[in-house]
Each structure stands twice: as structure tokens, then as C-alpha cells.
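S.K.: Here the protein sequences come in this chain order: A and B.
Position 22, counted from 1, in the first sequence is what numbering that gives the first Met the number 0 calls 21; the numbers after and before it change by one each time, with no gaps.
Position 8, counted from 1, in the second sequence is what numbering that gives the first Met the number 0 calls 7; the numbers after and before it change by one each time, with no gaps.
No wet-lab data here; the hints were simulated from the structure.
Values in this document were obtained by computation on a predicted structure and should not be read as measured data.
Just so you know, even glycine gets a beta-carbon here, dropped at the ideal spot from N, CA and C.
In the SDA-like style, the derived pairs of lysine to any residue whose C-alpha atoms are separated by at most 20 Å in a straight line are:
id, chain 1, residue 1, chain 2, residue 2
1, B, 10, A, 572
2, B, 16, A, 569
3, B, 25, A, 135
4, A, 538, A, 459
5, B, 16, A, 574
6, A, 224, B, 13
7, A, 224, B, 10
8, B, 16, A, 576
9, A, 224, A, 592
10, B, 105, B, 204
11, A, 218, A, 593
12, B, 16, A, 575
13, A, 218, B, 18
Interface residues of chain B toward chain A, partial, derived using beta-carbon atoms under 10 Å:
id, residue
14, 10
15, 18
16, 21
17, 23
18, 24
19, 28
20, 38
21, 41
22, 44
23, 49
24, 53
25, 154
26, 178
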Amino acid sequence: MSNEAVLHAHAATGHAEHHEHHHHHESFITKYIFSQDHKMISKQFLVTGIVWAILGGLMSVLFRLQLGYPNETFPILEDILGKWAKGGKIQPEFYYALVTMHGTVLVFFVLTAGLSGTFSNLLIPLQCGARDMASPFLNMLSYWFFFISSIIMLSSFFIETGAASGGWTSYPPLSAIGDFSEGSKAGMDCWLISMALFIVSALLGGLNYIATVLNMRTKGLSMTKLPLTIWAFFFTAVLGVLSFPVLLSGAILLLFDRHLGTSFYLSDIFVSKTQTALPNEGGSAILYQHLFWFLGHPEVYIILLPAMGMASEIISTNSRKPIFGYMAMVGSLFAICILAFLVWAHHMFVTGLNPFLGAFFVLLTLLIAVPSAIKVFNWLTTLWKGNIRFTPAMLFAIGFVSLFISGGLTGIYLGNSALDYQLHDTYFVVAHFHIVMGVASMFGMFAGIYHWYPKMFGRHLNHTLGYIHFWVTICGAYLIFWPMHYQGLAGAPRRYYDISNWHFLKGFDGLNQFISTVALIVFATQLLFVFNYFFSMYKGRRLTTKNPWGSTTLEWTTPINPGHGNWPGEIPEVHRWAYDYSKDGRDFIPQTEPIGAEESHH
Amino acid sequence: MAQTAVPQEYKWWSGGKSPFNVSYGKLMMWYFLMSDAFTFGAFLISYGTIRFSQEYWPNPNHVFNAFPGAGHADLPLAFVSLMTFILIISSVTMVLAVHAGHNMDKKGVQKYMLWTILGGIAFLSCQAWEWTHLLTGYHEVLIDGKLTTLNTTVSHNPWGAHVEYNGQHVGTPGPVAFGGYFFGITGFHGFHVFSGVVINIIMYIMTTKDVFHNRGHYEMIEKAGLYWHFVDLVWVFVFLCFYLI
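Isolated chain B (complex conformation) (with noise of 0.2 Å):
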């Protein structure tokens, strides 16, 4: 990015000018950031409170552990690790794009843009899988000396310890909140995923409609940037909360 030469006893705060030298909108979008931060920061330490409190948690390699097409093979992590991996390298398309914005290389702009969107998109499918998946699969545990089935929900859970039972092991149903966190924090993330790619697709039209060429800046992609790469961030603490943990 061309930086004009600043002269050194230059006095940022002393009005007239922006003090950290960018535009309101971009100011703006980082203090949002932060309150959105906050936002998950609260959903996240209220799950750290609640699964510390437990007596016993799931262990996520076993809940986490099918893979599309695999039938029954035991993947841990496998599929969310592609997830993961979709998401970030829609973060590496979105940086090209900003930087094809600088450029004012609409074509480019354009073309990473599109490759931003289909990350999001696929990035929501595999999470549509992932939920299809959990909430279909019945599995067999052990309720008042009866076996029965159980799948997860946000009130049901079958992953709890598993317990001796006529000479087998079997799972018992484990704590709810389980379910509840899991699908209340991937779900408002994947909210914030879906109304990313809603933006991104609205800033590829106005690209397309020449609005930002005609405006003699590409700052908008910057700042669908920030809100993209942010949510890509907090994924990776939601990752590390809810798989690696």
C-alpha cells in the first residue's frame, strides 16, 4: 500500500485529520469487531463454566469421528479439520481479493471474491452435514437399567461414560449441555458465516456494477475483509473449545 511520507513530529491527535489514518467505516468495523468479540467471548466462557462443572464431558474424538462416505470408519477430526481448512483458505482468497482492490484490478477482485463466497458456502454445507449427521445418528446407551437409543440434541445426549452392562461395555447419556453450547455457538457462528457470504455476494455485485471503480476505491472489500478474516478468527477458538479441548 503506497504510505505518503509522514514528517516524524507529526501530530496525529490534534484534529482535522483521522488520528489512526484510515476512514470512519473502517474504525467503525473494528469497534464492531470488538463488541462482537465480546459477544462470543461471553458464549464461550459461559460454556467453560458449565462444562467444568460436570462430573464427566465427551471426549470429542469419539463424537467427532464420521467423515461423509466413510461409512463407519473412526476419522477423529478428520471432516472438521477439512472444514477448518475450507475456511481459512477463504480467508487467503478474501486477502487476495483486498489486495487486488488496491491494485483497482476489478477482474481480480472479482474472481476472488467468487472464490471467498464458494469457501463460505461450502464451509455452511459441510456444518449442515456435520449438524444432519449428530442430530440423525442414534446411538445406543443405558437409561434406568434399559438400553435405548439416543441421538444429540440440545436435550439429549448419548455420549456419556460407558458403564458394565451384562458383560459388555455401554455408553450412558451424558450431560445436555453438551448439545445446548454445541449447537448454540456453531450455530451463531454459522450465522455470522451466512451473513458474511451474504455480504461478500453484495459486494461482488457492486464490484460487478463498477460501484467501487466509479468510487476510485476498493475500501469496501476491506472492510467485508475484516468482518470475514474476524469470522474466520473465531472459529479457530471455537475449534479449539469445542474439538481439540
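Okay, chain A solo, but in the shape it has when bound (with noise of 0.2 Å):
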């Protein structure tokens, strides 16, 4: 048996699925639920997705009250929530589980999973030429991966202790020890059960885009011939592939802690609910910041890249220009994926770090500004005097481009160890991290979907309801988020239950309450935009041309509603770039054209 012969048993194997596809009808449960086709699935993550943002936006307008409103009472809450809202207010421990929970779900269920899972799958064979995904059961298997994380993590609420409250993060002895608070009880137990599956679920995920993109492209379609959505998506494969285990690692170990006596975590602190010390001894708790941060740096490229690759996209397409500097796009999302493993200890800067050692973090960390720069130029000078279409997915993918420069001018200044000494653990870094990460991503998501739902669904989004839904959110977003830049730097500090007891942040009263008005408008905003999904998918104008945005990509070459194998016939070549617009008088020319003999170089 020869090498050969395996390519091309799989080859022909292929060729014989694809065969089949044409009398071959699927049951609702093959079609729907235990789906195999990339396209299906996508749409999985995406409603769990959505389902996932509305719950975990509906936490922080919860938590948003008790902030702007501390000495209220609100009775509706105790109907309804019970003993976590006694006589009508927020109590502490819900507080902290709300908090910790909406870290966690925003974090990894809505924009890892949501976002990276719903793209990666829809785009990656579409825009590669590829039947599916290199192994549709595996795909398949991480979207109920994440199905059931998600079902343990939900769940979580339900315990007589509560959810997990130490923090998205989960430092330890905080979530080691059951004594130390009512959410390190079961709750972090689920906490940790669920983001293990969860890992399973974005290595299975991961490695199926790898590959694909890697083995499945079709003729013609070199590396630099991708589309940056693709490339985008593979470096948050890598980063996720090669970032998620360490804290699975750290998962372990924390579990190990919690139920089997070992040290790795705890020493013979003292306990003041037992008075007693803890039989611990040696163990460290910093060790499990490392291991934690060794994952969660690269994981906010993992949320951020995919959101770059698709406004790269977008606002290619709707400037209907080339993207400006493609391979410096590549290279600068290279060099991202290598600083983002570097730079992990600038969340430590703190916890008693040799200066020295945070020095060179220090370094590393502001040299992701220059990637960074080189992206933001590049788009800037991408929409530069192009002839802007803007559509809702444009204004989203511009609005991201606005988020990501706003949120990463903060990040130059919590870089620096010795600003970061007075900012660490204020509302300036809830402001930095949320514009940057959070709100930037959402918008890069939003984008995605308004732009490819056609792809979808075959219809279009309502675009009215659409531009309604940007503008209140992108003033929503600066409205909440920057007057916390100033609370932060005043030291307010973040996480806390009820900072109106000090005297020097009365001032913040009035503003607190702004905040939290605005995140309920905005997060009601929210739900106009899901409306509109649901709507739209039965109701929103049909699609009377393969490809409504006049793009170059691939996936506008297959049909309307295409099948599971995604073109009928054969998957076409590629011999151009995915960004000849406005090219020799023509508007835009198709990556399946082949080069003329007259036509000017780029």
C-alpha cells in the first residue's frame, strides 16, 4: 500500500458520498439535529449562540441594576429569582455568580463558540471549495460537545449552593474551597466539568478546520490566493488547539484540589468560617494564574481574529476595493498568533512578578501594537476613497474597526507595569477589555451575520431593523463603556457589590445609574435584533441572485440554498486572489475566472 493509495481511497470515497447526495433523503433528526453538514451545524452554534448572548446579556442587566441602583429594591426580581433576590434586591452571592457567569458565557460559549464555531464551519468549506469539513462526524461531535457543556453550565443556576461566583477566571483558594463561598460549592464543580467538555468541543472544532483548510482546498487555491476570513480563522484554529490544553491542564489540577487533597494550589492558608488552617501545604497559587493566562491570552485572540478576518471581508467587499496590504494582513495576524503566546504574564503584573521579568512582558506585549497598527492602517486605507456600500454588515465591520481602536489605545497604557500598578482591578480594564474584546467581536460577529445570512438562509435581514440595531448599539457601547475609563482611573474598583459606601466615589452615582439605563436599552436592542433573525428566516425577502453583494469568494458561486456537498455539479477552480474589485472597468471579478491576457497586474 503506498501513500497514494490512502489520498486517493479518500478521494474516491468522496467522489462516491457526493454521488449519492442526489436521491438521498435525510430524516428530521439527520437533518437537523445530528447533522453532518457544515452548514447545519454553523447554524447550531449560532442559535445556541444567540441563546447564550441573550442570557448572559441578561445577567449584566441584572448586575447592572444593583450597581446604578444599590440602595433600590426591585420586588419583581424576588418573584422571580426567589432567595437569590430576597425583598427585591441582588444578593451578594447571586451577584458574584451573575458576574462569573457572565464572564464565562460571553467569553467562551457566545464569542468562542458562537462565533468561531458558527464561521469557521459556514465559511471554511464554502470559501476553500471543499464538499465539508475533513471529518463531518467530529464536527458533528463538537457542536454536542459544547451542547452539553452548555446544558451543565445552565444547569449550574440551579443548585441549591448557586452558580460559580469566584470570577470568570476562577482564581484559587477562592474556587478551591466550598468553605470560602456558597459558589465554590457544586457550582464550581460544573463550572469546571463544563469548560473541560468545552475544551473537548474547540479541539475537535480546531482541528477540523486545520485540517480543511490545510488538505481540502480546491484547484487552483493556493495559501495566498485565501480569502483573510480563512486565514483569520485557521491562526484561531492554531491558537486554540495549542492554547486550550494548558488550561485543561490547570482544570484538572484545580479539581484534583477541590476533591483529592493534593497541594498544587493550596497551602495551610486559614480559613475564618472554620477557624482552622487548611492540611495543605506548598502549593501555589499563582501557578494556576499561569496556567490560566497561558490560555486566556491567546483566547482573546481566538474571540478577536475571527472578527478581523470577516470585517476584512466586508469591508472589502462594500468599499469595493482590493483589501489594502493583503500580506501584511497575514503576516501581522502571524505575528499576533506568536505574541499571543508571549504575553500572559501582563495579567500577573500584580501578584508580586519580579519587575524585572515584567519588563520583558512589558516589551512584548506593546509589540502587539504594531501588528495591530499595521491591521487598523490597512483597513483605513482600504475604505479610503472606495465607493462605500453601507450596508448593516459594513456599518458593523466599520463600527469594529472604531471598538478596536478606541478599546486598543487602553491596552498601550495597561501594558506598562507601572500604570498597570494603579489601573489593575479597576473599571478601567472592565472599559479596555470589554470595547477591545467583547464589544469589538460582537460587532465583527454581527457583521458576519448580516452578511452571510443570505448564505444562510436565502433571505436577507430586515435592514432597517439593522441600521436601528448599530446605531443603539454603537452609542450604546462608548456610552457605557467610556465613562468607566474615568471610574477606573478615579480607582473604582470592579467586581465589587456596592462601591457607593466610599466617599471619594459618590461623585459616580449619577453616572452608575447612566450606565446601567443605557445597558438596558442597549441589551433590549438586542433582542430587536434577534427578532428580526427569527423573522427574517421565514419572512425576509428572498434572495433572487446567487450572489447579492457582487463578491469574489466562492461560497457566492454555489446555489441560493445549496445542499450538503455545496456545489451540484463539480467545485470550481480558483485563479485569481479573492480581491479584484474595481479591476480593468469591471466592478469586481470572480476568483473561478482565469486571468486574462490583457488584464494589469495587481
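Starting from the two chains in their separate frames, assemble the complex, guided by the hints.
M.R.: See below:
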């Protein structure tokens, strides 16, 4: 048997499968539930992500009520939440559980699974010219591991002692000992088990994305002809495959410390509740932080890179201009990918980290500004003198760039250890990462949904609702998070249940109410989007053409509602890069068109 | 392996083919192994961090000096050398199984897979013995001026520094991190060996049922082999970090 035989045999079965599709009826279960079609799996990820985003957003509305109105009571909350809102007031344990779960849910379930899971699944086979993922079966498993992980995380809210409440980072010793807080009892076990399953899901997905991009590109589609979306998803997958296992190690050691009496993170610290010292010896709580942030920092790029990739694609398409500096874009994605692994300790400047060592992490952290700036300027120069079409997707993509700049600049402050001693764990940090990573990536996700919705469902989203959605969300995002910078500079600590007790923060009472009110309005507007999403699925304007945006990429060469296998006949061959817009007097030239004899070089 | 001749200027990355000339399954296995290497890397680096922050660390030659049936003879690292030898031999039989697969030799694949499975089970049995020996072996140590006995667990360690007590040398409790990391990491590795044995058993059954023969190639054996060699390689690092250093 030769290697050729293996490769050939695989290609042959691929053909046979494809042949079957023409006369092959799927049941409801194989089509909608245990589907192995990447397009259906991407919709499953998206819908689950939307449900999580609503829940995660609702959590923030609840704790913003507490922060904005610490002295008021809302009797209706007690009717709904029972003992967690005794007397109409969010209880401290519940407040911490809400903050923790809001972070966990948004970071992992919405912006990792919901974003990367949706669009890597949808676009990698479609834009690479593949019939499906390398392994559709593992791809299906990836979703179902995510689903089980979701169920476990959700169920932790219904435990007597409540959900995990030690912050989304779950630092020990707080997260290791049940006597320290209610949320560190069974809720924390649910959190750890759910995260372990989530890591399995991310791994299965990531391996598939990498194998598909490398192995399954159609004829002619060399790596340098790939749309930037695919490059971004590829690097995202590599980041995930190499960083999530480290969190798995950290979570396993934490589980052992909780249940087997090991001393990885714990030492003989005193527990006030039981008035005794722990029996453990010699563990290091800082060790957990190293393991956590070795994932945690790449994680922010796992969240951000897909948004960057989609913004690049959408900005280029709707400016009717080639992306500016394609290779620089790829190079800066790569640079971000490498640097992502070398900066984790900048989350730990105040843990007693040697300041000399800190200096190197400062340097490496600030280096990220270089590829980030390259990307920003390339987006701006792509927009420059473009023939811009302000579709909702385009607005969200431009909004992404705006937020990425605003939030990125404060990253330069925080990346300096000398400034971080002052700003660490204040609202300045909250403002920074919500703008640059949270809201910016949500904008990337919205841009992606508005842009590729027609490919998903064969219908358009309602644009008027889209414009309202955009303007309220972008204004709201800045109105919520901009003032938090000032609160943080003034010394307001994050995570606290009630900061109105301090005299020096008294002046922020009104501002806090304002932020909470805006948060409520922005949350309501997201429900408008959810309505638009589900309404348009059935009542949206139907697509009349295969290629509604005049795009060059391969996904728009498939039928309006492609079946399993994507292209009815042969897979198209690619002859050019993905950014031939406004070239030689033509609006756009699809990737499938051979290069003409007279054609100019780009 | 019979490779077809490849022209000089062949464009591997131009799409329509695998740039590494491998199937997606093997590619995914390689990336999975990279990912798994990071899991073990995190464990071993954590172990190193904690170990070098301790004032005292037990000498592995004293801890691991027993051999089944040899009574109280002092045989430093003899048993673990045997375990390592067994695991490495099982890697050799795995290579032979893969080679037999290349030649479409079903009987050969069956024979060598069986040896590999046996090697894996033998290794796990040795590990079970070693764990039992540590967990049930009580040693005299001096705690708070009194002599008591301790076994080696995730929260006890009898292998501390020796001190002078009533004119004789006695042990003291050592760092508990020793047991935590030893059982944690060798356990995690043992879990990998166990899953490898399960995978190999499935491969053996599939071979017996002619699944690979009918498919025309034994690539699955190769993929199981990659995993098995990786588990072997990890053991080399575990061996180095816990027994040799």
C-alpha cells in the first residue's frame, strides 16, 4: 500500500458520497439535529450562541441594576429569582455568580463557540471550495460536546448553593474551597466539568478547521489566494489547539485540589469560617494564574481574529476595493498569533511578579501594537476613496474598526506595568477589554451575520431593523464603557457589589445609574436583532441572485440554498486572489474566472 | 513505502491536493498530538516550578528502589527501567504492525497488534504495582518530636530529609507536592496508555473483521501507531523528570 493509495481512496469515497446526494432523503433527525453538514452545524452553533448571548446579556442587566441602584429594591426580582433576590435586592452571592457567569458565557460560549464555531464552520468549506469539513463526524461531535457543556453550565444556576462565583478566571484559593463561598461548592464543579467538555469541543472543531484549510482547498486555491477570513479562522484554530490544553491541565489540577486533597494550588492558609488552617502544604495559587493566562491571553485573540478576518472581507467587498496590504494582513495575523503566547504575565503584574521579568512582558505586550496598527491602517486605507456601500454588515465592520482602535489604545496604558499597578482591577480594565475584545468582537459577529445571512437562509435580514440595531448598539457601547475609564482612573474597583460606600466615589452615583440605563436599552435593542433574525428566516426578502453583494469569493458561486455537498456539479477551480474589485473597468471579478491575457497586475 | 516520483517544480500548496501528501486524518492526529503535548507540557512545567521552589526534594533512588518479589533489596530504578523497557518494546511491535499494514499483511498486523496490546497491559500492571507499593508502604518519620509512620499519597510524603534523633538517623515528612505531582502526572500518562490500549484493541478487532483489508489500506493502524509512539515519548519525559533528575 502506498501513501497515494490512501489519498486516492479518500478522494474516491468523497466522490461516491457526493454521487449519493442526488437521491438521498434525510430524516428530520439527521438533517436538523445530528447533522453532519457543516452549514447546519454552523447554524446550530449560531442559535446556541444567540441563546447564550441573551442569557449572558440578561445577567449583565441584572448586576447593572445592583450597581446603578444599590439602595433601591425591585420586588419583581424576588418573584422571579426567589431567594437570590430576597426583598427585591440582588443578593451578594448571586451578584458574584452573575458576574462570573456573564464573563464565562460571553467569552467562551458566545464569542468562542458562537463566533468561531459558526463562521469557521460555515465559511471554511464554502470559501475553500470543499464539499464539507475534513471530518464531518468529528465536526458534529464538536457541537454536541459544546451542547452538553452548555447544559451543565446552565444547570449550575439551579443548584441549591448557586453557580460558580469566583470570577470568570476562577482563581484559587477562592475557587478551590467550598467554605470560602457558596459558589465554590457544587457550582464550581459544574464550571470545571463544563469547561473541560468545552475544551474537547474546541479541540475537535479546531483540528477540523486546520485539516480542512490545509488539505481540502480546491484546485488553484493556494494559501496566498485565500480570503483573509480563512487565514483568520486558521490562526484562530491553531491558537485554540495550542492554548486550550493548558487550561485543561489547570482545571484538572484544580479539580484534584478540590476533591483529592492534593496541594497544587493550596497551602496552609487560614479559613475564617471554620477557624482552622487548611491541611494543605506548599501549593502555589500563582501557578494557576500562569496556567490560566497561558490560555487566557491567546483566548482574547481566539475571540478577536475571526472578527478581524470577517471585517477585512466585508470592508473590502463593500468598499469595492481590494484589501490594502493583503500579505501585511496575513503577516500581522501571524505575528499576533505568535505574540499571543508570549504576553500572558501582563495579567499578573501585581501578583508579586519580579518587576525585571515584568519588563520583558511589557515589551512583548507593547509589540502587539505593531501588527494591530498595521491591520487598522490597512482597514482605513481600504476604506479610503472606496465606493462605500453602507449595508448593515458594513456599518458593523466599520464599528468594529472604531471599537478596536478605541479599546486598543487603552491596552497600551494597561500593558505598561508601572501604570498597571494603579489601574489593575479597576473599571479602567473593564472598559478596556469590553471595548476591544467584547463589543468589538460582537460587532464582528453581527457584521458576519448580516453579511452571510443570505448564504445561510437564502433570505435577507431586514435592513431598517439592522440600521437601528447598529446605531443604538454603537452609541450604547461607547456610552456604557467610555465613562468607566474615568471611574477606573478615579480608583473604582471592579467586581465589587456596591461601590457607593466610599466617599471618594460618591460622585459617580449618577453616572452609574446612567450606565445601567443605557445597558438596559442596548440589551432591549439586541432583542430587536433576535426578532429580526428569526422573523427573516421565514419572512425575510428572498434572494433573487446567487451573489447579492457582488463578491468574488467561492461561497457565492453555490446555489442560493446549497445542499449537502455545496456545489451541484464539479467544485469550481480558482484562478485569482479574492480581492479583484474595481479592476480593469469591472466592478468585480470572481475567483473562478481565469486571468485574461490583457489583464493588469494587482 | 512506495512513493510516486514527484516532478521537481511540483506545486504542493496550489490547492486540489494535500500539501503534506497525507490524508486529513493523519494531519488531525499530528495536530492533536501537538495539543496533547501542551497538556503534558503544562503539567511538567508546573511540577518543575513547584519542585524547585521547595527546600528539599526526595531522592528518586531511595523512593523507587523496590522490585516485586525481591523483598527489601535496594534496587534503585530497576523496576521502572523494566517498565520503560516494556513500553519501548511495545513501540517496536507497533512499528512492525504498521509495516505489516503497508504490505497488506493481515496476519502480521494481527500478530504485532496483539503484542502491542499485551505490552500496554503489562506496563499498566507494572504501574498498578508501583502505585500500590507506594500507597501501602509505611515508613518511620519524625513528626513533632514523635516517631510515626507515613505512606506516600497525594497528601503525605515520608521521604523528607534525615535528622539525628536519639542517636539514630530518622526520616522526616517531605514535600507533599511530590505525591501530588507523581500520582497526578503518571496517572494522566497511565490514562493515555489505557486509552491507547483500548484504541489498539479496537484496531485489532477491525483488522480481524477485514475492515482495513476491504478498505484497501491499513492507515488506521498508522494513526493508532502515531498515538502510541506519542504516549511512549511522553513517558520518556515523565521518566526523566520523576526518576532520573
